[in-house]
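K.L.:
Sequences and hints are given; from them, build the entire structure.
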Amino acid sequence: MKKHQNPFVEDVPVFDRFMLSGYEHVEYLDFRLNDARTLPLAVEQRIARDQPANATVIDLVAFLTAVPVSAALSVTHTAFHKMRLLENSIWTAYAEGIPHGMVVYHWKKKATNGKSIEDFSAFVKLQIRLSGAQILLNYLLFALVFGVFGNLVAGWLQPNLGFIGSAIWGFFAGLLRILENFRLVVLTG
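Sequential numbering from 1 applies to the sequence shown in the numbering used here.
Don't read these hints as lab results, they were simulated from the structure.
Here the structure is a predicted model, which is why all the values come from computation and not from measurement.
Each hint can be trusted.
Straight-line C-alpha distance at most 30 Å; calculated DSBU-like pairs for lysine-lysine:
hint, residue 1, residue 2
1, K109, K82
2, K125, K110
3, K82, K125
4, K108, K125
P.N.:
In C-alpha cells:
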C-alpha cells in the first residue's frame, strides 16, 4: 500500500487502473486511541517522547475528518456525531488552503462517571471516483499497446499455425506411443 502524507490514512492500490477509463480510489483511516500496537510508529514515538506515561486523563475525544463532498463514506466503525459542509469563505480564515466542497465528519466520545476514556476507535473507508484526462490517456495508451501486441501475435500465429498444430499433434502422438510401449512392457514384464 502506498504511504499517505497523513500517518493515519492508507491508500488501497488499484491494480487494474490502466485497463479502466475511470476507477474507484479507496482510502481508509484507522484511528485508535490507547491501542498503541496499532499506532503508526512515528506517532507512537512522538507520544512516548512528548508525554510521560499515564500523565493525561482523557475525558473527551472529538475526532474530525474532512473529505471531499464527492467521496463516498462507504464504511464507518461507529456512528458519527454530526457532519456538515464547510463554508469555504468562513473556514479559510481558520485553516488556510481548505479546498472547496469539503464535508467534515465528527465523532465524539465523553467520559462517564468522571472516569477517563479507556479507548476510542474510528475506522473510515472512503471511495472516490477518479477520472480525467491523464487517466483516460493512460487507458488509451494501454489499449493501444495491448492492441498492437495482439496484432503482432496474431500476425505471427496465422502463417505458423499449421506448423504449431503439427508440432502439438506430433508431441501427443509420440507421448501416446511411449505410453503404449510402457503398457506393453508392464503387461509382458
